[in-house]
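Those protein sequences? They're chains W and P, same order as listed.
According to this note's numbering, the first sequence holds residues 1 to 248 in order.
According to this note's numbering, the second sequence holds residues 1001 to 1087 in order.
No wet-lab data here; the hints were simulated from the structure.
Where is the CB? At the ideal position from N, CA and C, for every residue including glycine.
Watch out, some of these pointers could steer you wrong.
What the hints assert, rightly or not - Here are the simulated distance ranges between beta carbons: (1) W:P76 / P:V1068: 33 to 43 angstroms; (2) W:P76 / P:E1026: 15 to 25 angstroms; (3) P:Q1050 / W:G31: 40 to 50 angstroms; (4) P:T1040 / W:N233: 14 to 24 angstroms; (5) W:S165 / P:V1068: 24 to 34 angstroms.
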Amino acid sequence: MTKYDAIMAETVYFSGANGDLIEGYFARPMGPGPFGSVVVIHHMPGYDQGTKEIVRKFAANGYLALMPNLYYREAPDAEPDDAAAAARAKGGVPDDRLVGDVEGVSKFLKSQANSNLKVGVIGYCSGGRQTFLAACSLKLDAAVDCYGAFVVSDPPEGAPLKVRSLMGIAPNLSAPLLGLFGKEDSFPSPEEVKILDDELTKLGKEHEFHIYDGAGHAFFASHRPSYRVEAANDGWEKIWAFYGKHLS
Amino acid sequence: MCTYITNKIDVQGSAKGGDGWFTAKEASVYLDHPVHAPYTHSLNIDFLNQDLGPSFRVAVELNPKDAVLLARTILDTVEAMSDLAEG
Chain W
1 MTKYDAIMAE
11 TVYFSGANGD
21 LIEGYFARPM
31 GPGPFGSVVV
41 IHHMPGYDQG
51 TKEIVRKFAA
61 NGYLALMPNL
71 YYREAPDAEP
81 DDAAAAARAK
91 GGVPDDRLVG
101 DVEGVSKFLK
111 SQANSNLKVG
121 VIGYCSGGRQ
131 TFLAACSLKL
141 DAAVDCYGAF
151 VVSDPPEGAP
161 LKVRSLMGIA
171 PNLSAPLLGL
181 FGKEDSFPSP
191 EEVKILDDEL
201 TKLGKEHEFH
211 IYDGAGHAFF
221 ASHRPSYRVE
231 AANDGWEKIW
241 AFYGKHLS
Chain P
1001 MCTYITNKID
1011 VQGSAKGGDG
1021 WFTAKEASVY
1031 LDHPVHAPYT
1041 HSLNIDFLNQ
1051 DLGPSFRVAV
1061 ELNPKDAVLL
1071 ARTILDTVEA
1081 MSDLAEG
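Model the full structure from these sequences, guided by the hints.
If you want it as structure tokens, here you go:
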């Protein structure tokens, strides 16, 4: 008999930073579980179709997954690209608000009847940095940083987004970290990845980094020219193994 | 690459979006992943009016080489009327 394969995916609202009601995209397997959970942090271009597809992929692979719309406050009913532009023009997402939103998502996921109470986080691009930020600020069970820049170094002089290096809070990293990076990326460069790798080793933090040859930034983005099938496929395998170990 | 680099200027003018003309108050210029253009990176310009809302936006995503050409062309064009451009 064929295994019944079903997920449910829909828009939900949850309580984010400061108790604000925030939009999110929630996908889950249609089964009793208990399932591990994943907070999916979208890339800088926003709460878009490509990242919603990633949320559904987690559900199809047996995880409760929720992506918060980090730009909801700036642009509640706008198209994702307009919302991203509005957020960019206003200086981006403040770090403390991001942490509050991820905390809200984590509570929402843990409150599901089929949750096993384990929550991981994953983020792409700017979401990679925010993943590291969340894992150093909240108690989580696993974190996956996909090519997050400005973890090791500050943004270039004059950049309007109010983000800074996170090396100062690295000792607070609360969860095992999987890092997936492209060798041809400049933000973060392989040299920066090495600095973070060395620092986490020095701090005794469990982590596993992979730097893919022939891949640059955004190699997971299957609808963009930056997509690299070998790196993305191997990266997904690494994610399933990592979350399988830490969220089951 | 998400460069995080955004150069913003206040502008006075108008832009035409999906719902017609509106007053543009700001322009954001940045190099990043495009939403629509088939490049890994593009030079993006948003003409915005945040007072009216996020949908009041006219966006272009250009091949960076073409963006440089556009910038030079703008400068060449305004050179002919430099008294107006500086006023």
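Each hint tested on the structure:
1. W:P76 / P:V1068: 33 to 43 angstroms: holds (36 angstroms)
2. W:P76 / P:E1026: 15 to 25 angstroms: holds (20 angstroms)
3. P:Q1050 / W:G31: 40 to 50 angstroms: holds (45 angstroms)
4. P:T1040 / W:N233: 14 to 24 angstroms: About 19 angstroms separates the Cβ atoms of P:T1040 and W:N233, which means 14 to 24 angstroms holds.
5. W:S165 / P:V1068: 24 to 34 angstroms: holds (31 angstroms)
In terms of the numbered hints stated before, the structure departs from none.
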